[in-house]
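Undergrad: Take the given structure of chain A and dock chain B to it, following the hints.
Top to bottom, those sequences are chains A and B.
Counting from 1, position 96 in the first sequence corresponds to residue 96 in the working numbering; the numbering is continuous, with no gaps.
Counting from 1, position 165 in the second sequence corresponds to residue 165 in the working numbering; the numbering is continuous, with no gaps.
It should be emphasised that the hints constitute simulated quantities derived from the structure, not laboratory data.
You may find that some hints are simply not true.
Since copy identity is lost for identical chains, a pair holds within one copy or between any two.
Derived pair list, reagent style DSS-like, types lysine-lysine, alpha-carbon separation capped at 27 Å [stated by the list, open to error]:
id	residue 1	residue 2
1	261	167
2	359	172
3	134	149
4	359	306
5	38	69
6	392	149
7	207	134
8	38	171
9	38	68
10	29	74
11	29	392
12	134	261
13	167	306
14	172	334
15	359	392
16	359	69
17	363	69
18	261	29
19	331	171
20	331	306
21	149	167
22	261	68
Protein chains: 2
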Amino acid sequence: MSNKYFPLLMVAALAGSVVNAQSDIDDFKVSSTTQQGKQFPKVNSQGAVRVSIAAPQANLVQLDIGGKKYDLKKDTAGIWTGESAPQDVGFHYYQLNVDGASVPDPGSFYYYGASRWGSGIEIPAADSAFFALKNVPHGDLRKSYYFSKSSNRMRPVYIYTPPGYEKETAKKYPVLYLQHGMGENETGWGGQGYAGLIMDNLIAEGKANPFIIVMENSSVNLGGMRRPAAPAQGQTPPAQGAPANARTPGGGMNFAAEFEKVLFNDLIPYIEANYRVIASPENRAMAGLSMGGMQTRSLVMANPEKFAYVGMFSSGTFVPSEISDINAFKKNGKLVFMSFGGKEAGAARIPAAAEAWNKIGIKGVSYVSPETGHEWHSWRRSLYEFAPLLFKK
Amino acid sequence: MSNKYFPLLMVAALAGSVVNAQSDIDDFKVSSTTQQGKQFPKVNSQGAVRVSIAAPQANLVQLDIGGKKYDLKKDTAGIWTGESAPQDVGFHYYQLNVDGASVPDPGSFYYYGASRWGSGIEIPAADSAFFALKNVPHGDLRKSYYFSKSSNRMRPVYIYTPPGYEKETAKKYPVLYLQHGMGENETGWGGQGYAGLIMDNLIAEGKANPFIIVMENSSVNLGGMRRPAAPAQGQTPPAQGAPANARTPGGGMNFAAEFEKVLFNDLIPYIEANYRVIASPENRAMAGLSMGGMQTRSLVMANPEKFAYVGMFSSGTFVPSEISDINAFKKNGKLVFMSFGGKEAGAARIPAAAEAWNKIGIKGVSYVSPETGHEWHSWRRSLYEFAPLLFKK
Chain A
1 MSNKYFPLLM VAALAGSVVN AQSDIDDFKV SSTTQQGKQF PKVNSQGAVR VSIAAPQANL
61 VQLDIGGKKY DLKKDTAGIW TGESAPQDVG FHYYQLNVDG ASVPDPGSFY YYGASRWGSG
121 IEIPAADSAF FALKNVPHGD LRKSYYFSKS SNRMRPVYIY TPPGYEKETA KKYPVLYLQH
181 GMGENETGWG GQGYAGLIMD NLIAEGKANP FIIVMENSSV NLGGMRRPAA PAQGQTPPAQ
241 GAPANARTPG GGMNFAAEFE KVLFNDLIPY IEANYRVIAS PENRAMAGLS MGGMQTRSLV
301 MANPEKFAYV GMFSSGTFVP SEISDINAFK KNGKLVFMSF GGKEAGAARI PAAAEAWNKI
361 GIKGVSYVSP ETGHEWHSWR RSLYEFAPLL FKK
Chain B
1 MSNKYFPLLM VAALAGSVVN AQSDIDDFKV SSTTQQGKQF PKVNSQGAVR VSIAAPQANL
61 VQLDIGGKKY DLKKDTAGIW TGESAPQDVG FHYYQLNVDG ASVPDPGSFY YYGASRWGSG
121 IEIPAADSAF FALKNVPHGD LRKSYYFSKS SNRMRPVYIY TPPGYEKETA KKYPVLYLQH
181 GMGENETGWG GQGYAGLIMD NLIAEGKANP FIIVMENSSV NLGGMRRPAA PAQGQTPPAQ
241 GAPANARTPG GGMNFAAEFE KVLFNDLIPY IEANYRVIAS PENRAMAGLS MGGMQTRSLV
301 MANPEKFAYV GMFSSGTFVP SEISDINAFK KNGKLVFMSF GGKEAGAARI PAAAEAWNKI
361 GIKGVSYVSP ETGHEWHSWR RSLYEFAPLL FKK
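Here chain A stands alone, though its shape is the one from the complex:
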């Protein structure tokens, strides 16, 4: 028996060496992403994450966040508790490891990212008011389904309609097609991205013109999507074979060609036929984060006359010379917006790329999100900067 359990005891012994991160400041509070009634996860003013879970018979329990694993410490009641090092402000995916089992934290809400539904946590930012739930008129975030000939299946789509859309039944609106990153799906922008609340707040402050936002899954693998309906809260499976690495700019190119078919043959026609949309290039924008921005660029390069406004968030640079028929883009093109988190390497390259657009008479804008990396807070801020520039009369 000792033989059988020796490795197990080794692990148990190792559990003694607890990585206790910089959580000097003991002002931990439950996060906005902690389930109601749960006491953990918590975050302190330094951005350290504290988790706690009962696992009386476990030998080693870890918090796995930001690419690092932090050992938790077990108390006499069998409750394991511990903290991470301070994390960047904004949203991070994470998980717990219990004796080698990688599982969601039972205390958190669950989000789709890194190609799985699992735990996420919000580290409060000083500028969180722009996506806060306020007592202002709110639009609706809708889930609907449409038939995609290209996919030969019904596909779910999320649609944000702005405040006023419901009442002003004669009014038509411009549309932004807004894409997620690799390993994410159509629920990301409305969920951890808070796109609806960002727009509600911008519109309430008179900083943005109301427009519709369409969010679909651009990780399209036409061979692989034969799954039943996902639950209505938006837990839509990603395309089969979507790479587990959620953050490989360029990897999105595998999907761009197939998503192009869905977008132009199925999605845009459905939206323009079924919602009160101004169906013209001058009233059509496309943007995305990471892979979604790479796809946006390649779709605009292949269809330069179809979009007036282009946004790439943490997706590299885009310059006029990349469009073979630049005059086709100049016909309707009004804006090319590029952003990065300040901690991303690409941040230094976007001002020059923006200037290249200004030189040919199309507005080029670059934005760098202070103190953030390749994560959702950079993209929320990017949408907040991008949206006011759209559909100016």
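TA: For chain B alone, kept in the frame of chain A given last:
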């Protein structure tokens, strides 16, 4: 050290006695509630659930479903796998236990029930076509926010608008206020309840008149709801202190009085002012499951003139003598519908209660869901039977 780890070894030893349930038929398939790309959980033709998780250092891993815990068996690679006994058709909440840690299955989608976000699994039913995603016109399931004076906060609300609502901008619709059970929230009917798909299919077959469905959280604790916005996919926290037991008919009475304020002072006025609703009792229905049905009954008893159609799913019986001012209800009242799962004790009592309504000239209908208990498949079927009876001209 042996002292310290003795209990742990005991547990490990016990893990030898694996409850291997009736999974004779090895035709396990991934469930519709299994995350895309994940191989587990699976279900076989007998309704047995098979889960599998890597936990190399674990001593005991169990599947916790239907009130029973089933030990899993560990292979040489450290993968634990095992099955439950056959489960009723339909939807069940479940969890995994890893060395005493109760956690969601990383392979499943997550649902709100039993007062937590966690795993759920669908056991295929012979009659699953009525809530399947089909190539028919689809309505929109929307999430919006409104200010509740009674709660002094913004509250999320889910609203189903039927196919045609978007195009026929002059048309107004009747409304069903549809409530969840205890320990559940406003995401239940649109999620595991598939209310939107049930209506889309009924309307496509011409079996139901199109109407709007409003789904709010009736576990109202006006003292306790001060949480930030939940993610858009509908992960809205329940009221603080909502009992962990999701299934105590009658317990809902604690909440009915406070929900009544939100419903009549805030929610109904918001819906009738902001959506294309026919704002009259003859065009207003209320129904709910379990606690939600108990609340429906008490709200109708207190406001007999405000609803024409009443539905109680697995919520006991309702008879005319319970309404003090029966003439007020007779003014607008058209239908009282009561249902139970065939495995529930209450099933035997509803035909007589329905007959009592028929006797006083209000249509009384009872429905028993074959072979199901106090679970979502009973309530999906109940909505499918109830909806065609509503708002008949």
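Undergrad: Would you list, in rising numerical order, the hints stated earlier that this structure does not obey?
TA: Per hint list: 2, 6, 8, 11, 16, 17, 18 and 22 violated.
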